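If you read the protein sequences in the order shown, they are chains A and B.
The opening position of the first sequence corresponds to residue 1 in the numbering used here, with each subsequent residue numbered one higher.
The opening position of the second sequence corresponds to residue 1 in the numbering used here, with each subsequent residue numbered one higher.
These are computed hints drawn from the structure, not numbers from a lab.
Careful, some of the hints might be misleading.
Claimed, not checked - Some, not all, of what chain B presents toward chain A, calculated at C-beta under 8 angstroms:
hint, residue
1, 16
2, 22
3, 23
4, 104
5, 106
Fair warning: this is a prediction, and the values are worked out from it, not measured in the lab.
Ideal placement from N, C-alpha and C gives every residue a C-beta, glycine not left out.
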Amino acid sequence: MPPSRRNYVFLLFLFTIASAYHVLYFHHVVKMVEHLSEQARAPFQSSGTVVSSVEPEAITARMREGDTIEEIEGKPFTGERVLDQSLEGARSGSLLTVGIRRQDGITTRVAIRLAASRERPASVRDWIFYVTAFLVVPTLCLVLGFGVAAIRSWDPRAWFLLALLLSFPELYRVAGWDGPFRSVAFAYQGFAASTFGIWLLLFGIHFPDRARWDRERPWLKWFFLLPLAAVSLIGVSENVASQSSFAVFSRWETFMPLLGSAVLVLNLAAVVFFVYHLATVCRATSTPDGCRRARILLLGSTISCAPMFCLVVIGLIRSRGTFEVAPLAVIATVLLLGLFPCTLAYVVVIQRALGLRVFVRESLGHVFAPWSLGVLRLATALSVISYFAYQPGMGHIQKLRIIGCAAVLLVLLEQRFAGRLNLWIDRRFFRTEHDAQQILDDLRNQARAFMDPKPLLNGMAHRVAEALGVSQVAVLLKGPDGFSVTETVGDALPVSLGFTREAQTVQSLRRLNRPVLVYFDDPASWVHRTSTGEQETLRILKAQVFLPLAGDDELLGVMSVGPKRSEEPFSTTDLQLLESVAAEVSLAMRNTQLVLTLAEQTALSEKMAAQKRVAEQADHIKSAFLAQLSHELRTPLNAIIGYSELLLEEVKEQGVDNLALDLNKIHWAGNHLLELINSLLDISKIEAGKMEMYVETFSIEQVVQEVVQAVALLARKRGNTLYCELSEHLGDMEADLTKVRQCLFNLLSNASKFTEQGVITTAVTRRIEEMSEWVYFSISDSGIGMTPEQLGKLFEPFTQADSSIAGKYGGTGLGLAVSRRFCKMMGGDITVASQLGKGSIFTMKIPARAPSFPDRRSECDRPDALVFQP
Amino acid sequence: MPKILLVEDNEMNRDMLSRRLTRRGYEVLLAVDGAQGIAMALSETPDLVLMDMSLPVMNGWDATKTLKGSAETRAIPVIGLTAHAMAGDREKAIAAGCDDYDTKPIDLVRLLGKIAVLLPEKLSA
């Protein structure tokens, strides 16, 4: 069985015994309290068989101290158990017959009329006392003891703590019920109570770390422990044995009081040692952390146990019972006992102990927290109600009225003053912490006003370092390849230091989105799941807390906060403050980012607008220039073409035919020039986006026939035959008539130009493709055809299949380019298939219903768009 | 004989077009700017006006607007002529009140066709 499992099995065994004892004990207490006024009390106490003290009822029956008890109710008095059995269930007022032998040797029988344990039945105050002392405090000890041992089963301090906490309530509890486990209970109680000193000593030696003298001379402690253990064992054995038989230890009788005193003295010595040890540790110790722990423990145990100690001392001085003082004081004292186990558990379990001041401040913070105020309010209300409810001689209505008023008043007062009181206490007693909080609060408020992240982060790092007394703070911002150090306070850090996006630290922060503690000593900590490199980074950063600087959907950066100069850990308040500072800074950073993005976008759009303006201006200038140029070119052309036509007519009339040939050439050249200018203008207009579309509905067949007729003359000139293959029901189409006509004309005249003594076929069909209707115009010729190279640049402006072609066949080289651009404007295209020497097929497809063209008219409405005055 | 008023500032074009129209049997009156064109339209009451758009003194658009705005000349058809081939010219001409529009250089056959459409009764007469 591995040691850890053995530990747990043993723990379970202990827990079973302790909790069984605990439950039985409380059951016994409840039974006793219920019958407090009826249950008879023991009329005398005996030491062995000799009467050591007598109650008034026994005196009445003429029993005296020093008498020897021989028998009770006819049974020989062999052990304490005989008296307990006779009293079990005995009511007050009944008679108890006891056979005694007086000191002078005379044997007689006395009948004692038993008195009640208490005159009145148990009051609410009694119940509160019993529940606190016998249920609340022991349960607290039980739970905390076993809890700590279970969490830290490898830590000897946890086990000593468990033993200490199990014995603590037995110091004031007395086992006393009859039943099957009576002896076990007596043994348990006696052992636990008398070994308190042992556990206290062992715990002290190991707290906060094992004492040096113990490491050097481990046998030394046995000089104390062994005698204490021995006397305890003897005492317990005697106690248990005397329950059933006085005979066994009758020889020890004279030593018993001595033994009891020895136990008491040794235990007290242990307590004194413990307090002394803690005080020493507080003053000088190897680690500040241990010092802080010792201080907390010393304060906690003093506050917890001092009142009880006082009560005991007062009781001894007044020679009365410990609890025979003001009931409320008793309850408060017993309640305070609960602080002892809490403090013990805290100093053992806590990873790093807070400074005493901070610890008290944090605790006060919890006291003033809303939830604890709520509990306090409830408790106050209940106490007020129960107090008035048990006042005799008062009417119900009167009671209710007072209770109501008091409750409302209390609630209001608490509400009103809790915050203010906390603040006052903070300022009055916790100056430094309060100031630090103030500084961080200021920073938090300032964070909203920052626009540039750089000074903001720098300021934050410095203020955090200053306010919390931290030696090393680093801010790591997200860059293209992970998180790298941007701002540092303290030791300079290598620039290359940082985390990848996949680093465990980054992942944890992203997932949790709150401060994350780095604690290497805890084997279960996430730190141990990180890679070696990352752990090295954490060590260089001296990180103790990581704060996320969260963006909208991912981390913008992380802040690493190093250890405090005082080596204290970060308190809850510190962490809360850091968290809110980080949140505000993240917000500021996000805002900054937003503003930057916005500014960038604005700059970009302004730049684009400026570029657009320049482009528009250039465009406008170009358009104006083109218009001007076209005007200036056309005006003389007008004269050239017009006069040559005029002359031709006149020459024909006058019959001077030899001149007509030259005039024709002039006319042809003029027309060619015009064609060139028009095409150029078309291309420019298309490229400037100024070409307009006039969509109208027209008959397809009619257009084709018109164009074919227009081309017929040219075709015939070269001996070509024109065929038309029009499919039936061609119907109308919706497009720019002029452009369709121009394209068709261009394709057909091209075909005519490059074909001699051949056939040119114009086929027109209507097809449905891709959910829309198309009109296909296919012009095939049996002309010279083209090579693939020629085909490649066919639609480029000023490109004819061959530069020699212009000379041989004429044409501008712009026709196809313009036609194709027109087709594309109408949502269609022109494709070509050709074979050198065999001919070409040009296919033009245009949507039968014009898609919605961008409305270009609006541009033309600008008054200065295209108008110029020559 | 239909009377056509040709308003044109370019001397060569004016001369060439007037001669060609005269040859086709029209009586051609000439004006060199918009203002003169309006004056002559009022005094001579032509059957049709061929109005160049880019004119000195008063441009063709304004002149056409004036003609179409006056009761005496409103009925006279106007054909706008322009060397501009850019977008919007046609609309501007029509908007100014031109009954038809043609671009320079003049395709005489096309222009005669447009004249014929606007003056059917004169030609038949």
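Cross-check of the supplied hints:
Using the Cβ-Cβ criterion of 8 angstroms, the hint placing residue 16/B at the interface with chain A is satisfied: the shortest such distance is roughly 4 angstroms. Hint on residue 22/B is violated. Least Cβ distance to chain A is approximately 11 angstroms, over the 8 angstroms limit. Satisfaction of the interface hint for residue 23/B is found here, the shortest Cβ-Cβ separation to chain A being roughly 7 angstroms, below the 8 angstroms cut-off. Interface hint status for residue 104/B: upheld, as the beta-carbon distance to the closest one in chain A is roughly 5 angstroms, under 8 angstroms.
Taking 8 angstroms as the C-beta cut-off, the interface hint given for residue 106/B holds, the closest approach to chain A being about 6 angstroms.
This entry does not satisfy hint 2, going by the numbered hints stated previously; all others are met.
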